[in-house]
Amino acid sequence: MSSSTSATGTAYRGGARAWVRRLVPPALVVLLACLPLLDLRLPGVLPGPTYTPGTLHLLALAMVMAALALSYHLLLGVAGLLSFGHALYFGLGAYLLGIVMSELGLGLLPSVLVVLLVGVAVSLALGAVSLRVTGIPFAMVTLAFAQAGSVLVRRDPGRVTGGEEGLRLPTEQVPDALVGVADTRNLYWLALAALVLAFLLVSWVQGSRAGHVAEAVRENELRVRVLGMRPFLVKLAIFVAASVIAVGMGMVHLLLNSGAVPHIVSAELTISLLLMVVIGGVGSRWGAVAGAVLYVLLNQRLTVLAQAPWVHDLPAPLRIPLSEPLFILGTLFVLVVMFLPGGLAGTVGRLRRRQERADRGEPPGGADRLEDVDDEQQVPAADGARR
Amino acid sequence: MSTVVLLLFTGVGLGAIYFLVASGLSLIYGLMHVLNFAHGVFLSLGAFLGFEVASRLGATTWTGFAASLLVGALAGAVFAALTERLLVQRLYERHIEQVLVTVGLGLAAVALFDGIWGTDPRFISGPAWMGRTTSVLGANVPNDRFVAILVAALVLLGMVLFLQRTRYGMIIRAGVENRAMVTALGIDVRTAFTLVFTIGGVAAGLGGVLASHYFGYVSPLLGQTLLIFAFIVTVIGGLGSLTGAAIASVLVALLQQFANYYLAGTGDLAVVVLLAVVLLTRPSGLMGRRA
Amino acid sequence: MTSASPCEDTRAGASLTAEPVLRVRDLQAHVAGQQVVEHVDLDVAPVGVTALLGRNGVGKTSTIKAILGLVGRSGTVELDGTDLVPLPTHLVVRRGVGYVPEDREVFAGLTVRDNLRLAERRGSTHHYDLVYDLFPELHQRGGQAAGTLSGGQQQMVSLARALLNDNQVLLVDEPTKGLAPRLVAEVSRVLARAAQVAPVLLVEQNLQVVRDLAQHAVVLTDGRSVHHGPAADLLADDELTQRLLGVHADTGDQGRPADPEAPA
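Residue numbers (my numbering), protein chains in the order written: chain G, 1 to 387; chain V, 1001 to 1291; chain H, 2001 to 2264.
With the rest of the complex left out, here is chain G (with noise of 0.2 Å):
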């Protein structure tokens, strides 16, 4: 949130306003902090009281979520990269970090630090190959890699994923206080840190000048190669931090679950990433962490809509669309597409901007000002995607 665009915009706008928003996230890190010592409801929203660990697991579950979200962002927002092979470093962090575990016997923290090298190794190399093409080639051939990645885990060389049945976390070498149902409520303090750490490394590496520079690639690449920047290495600079951040919710996700399934690596869950970010709002750091929160929280209750007796008792075409949450969340996601350009991003924006038009006493409907826009709601990063 440090970028010029906001400062102007704090100008623009007066300050005690801007202050009561520069208030907000720390705030709402606090409350989240609080929710296991908390007993809220919200029914239809949560599963339980907040300090429940079915509700504090759904609710860490999301956070791992936003954040994974939030370093596809990188790709997709901020260096116009359309990958279909993220879930490849997300499934490695997990099962990597329980490979070495249970296989080398280490720690858990040295474990963390040989899974976050791996992870450096393998996204710097599959990273050099995949960026000689651009656009949807691109899209293609990082799928072919997740793809032989999701190959490997389910075909289980060596008997070390577990193949379909997916990989145990090795208990013996993580705290104990990591580990069990009772604890959930630590899991859930990790993944909160997990995501407020995402969240700062992802707006550190947006407001460097790699990230400037990538956001002026995707704008226009060869006047970036005149100005004699490489935008291959720039671009690959992106593609590392936000596969590194994507092995380390892994990580998290390995302790959060007990364990590691083949799911985590294939191609459906990039394209849950991929939905999150888009129905968040492409180009918006909030918006991925809403996208992905929400589509966490809605999938948890479509599926238990698809559970429940009445649904059962329907006729056919409707009991079918309505037990399945994967059929809501597509055609949701296609509508969002269509009919709501920027997400829930780009719409809160428009409508912000509609009201402080109307503070100022401006009619409506006029043309969208470039300095309206603050960084929560970049548009022109929703253009670029849009090229």
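In short, the hints are calculated from the structure, not lab data. Zero decoy hints are in this set.
Listed next, with one range per pair, are the computed distances between beta-carbon atoms: (1) 159(G) to 1168(V): 49 to 57 Å; (2) 1164(V) to 2193(H): 29 to 37 Å; (3) 1273(V) to 2109(H): 25 to 33 Å; (4) 1265(V) to 2117(H): 46 to 54 Å; (5) 157(G) to 1164(V): 46 to 54 Å; (6) 2031(H) to 1273(V): 34 to 42 Å.
Just so it is clear, the structure is predicted and the values come from calculations on it, not from any experiment. Yeah, the Cβ is synthetic: ideal placement off N, Cα and C, and Gly gets one too.
Once you've looked at the hints, dock chains V and H against the given chain G.
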């Protein structure tokens, strides 16, 4: 020797199915720059509806089999044409959104098929002859391979004739080369867009029916699984090139079969390695023009 | 920005008394989010050749593409009283706008005959007699892939595709670019004949060709039209050509070395 012959026929048969998926993908991409993630859905739908029709008319009769091919092709065509008209065309020239819409459609359709036909594979039976084998140079080749190869060859021939001999074929070939110039000659390319989707749908629908016989089952994920290999085939062959798709289909399938047999089941990995090698040496694919 | 009357120099071009066939006002064009044409006003006279001139990169080709709708545009482009801006490219063309693009843009994989057949415009008669009379070579090479032709022959295909149809106006973008002197003369002769049938808006770097063909001239600088007037007056004014085009009128060419491409 007989193993090699068997692997050859099995590989070319699988290549035939890849080609039926990849040809449409490649034409669609070449003309419209759209990566169609719903293409596997055309295939699965063709396979399921073909399966339904065949089981009603008698799965083991040739009539049932012929009807399943017809219905599969038709289902693929109609669904593909609707996809193009109702979703893709409305996002004209917005390539990323077009991809996203097909991703969403693929997701929703597979879930719907899960709901209708269940997630478990449905096992398929065909005419008795197709389940038997024919001895070729000492190898017992399953007869469904020959059918797959024959149908794919006919589809290739049909596509080539269409592209070479008809005005719309000409528009498509010209559009793959330079779409802006085609419109600048006063031609509405959108009709050609719907047409390539429809043609792709026909091929994928046929591919679905044949794949269900080749693998012996239908499942909602059949199409999306084959789609990934079809993507690899189109990148290796060169996006937009029909010849490239044909060559790469066979190449990829043969490599996969031989690696699976001789290199301890590493077929899928060998294919990805081939993809990496092609990208490093010829990023535009075997028959691709430099974009 | 929004004035309907062209810039001051227009009044020097008082010869534009007859109603123009194509009237462009406040045309703007965007490519990949960048404005490449800022403000162009121009009239294409109902007869003869109107030249669109300017140094490299001032937006001549973009102006032509914007008239056709091949790039994002705003403003008005009136043909025969109808505004073309809301129309998609294929409908603009079907109203009788012939286009000969820069760099020919023939379909390399299609035969010469198929290139021509593809150009047959709906609702127009197809003047194969005229085309084969102008370019007998195309008749002989009908079955050859256009990509295997020489540059000059490809230019013939490109011109033929436009001349095949009934046109209200022809937009011709640098037809002599990269051609040997003999072929430049040939193209010049063809354009003179084409202009007898339909008025031409011609982008041309070779000032000798402009002198031979054009009656009127419009000059662009940095995406704006800055001069309108009789072509002869412009070319006779050495100071003006030097300032606007960066060349002396008598050197003939706007500082671009001719590409001595061998004819077939």
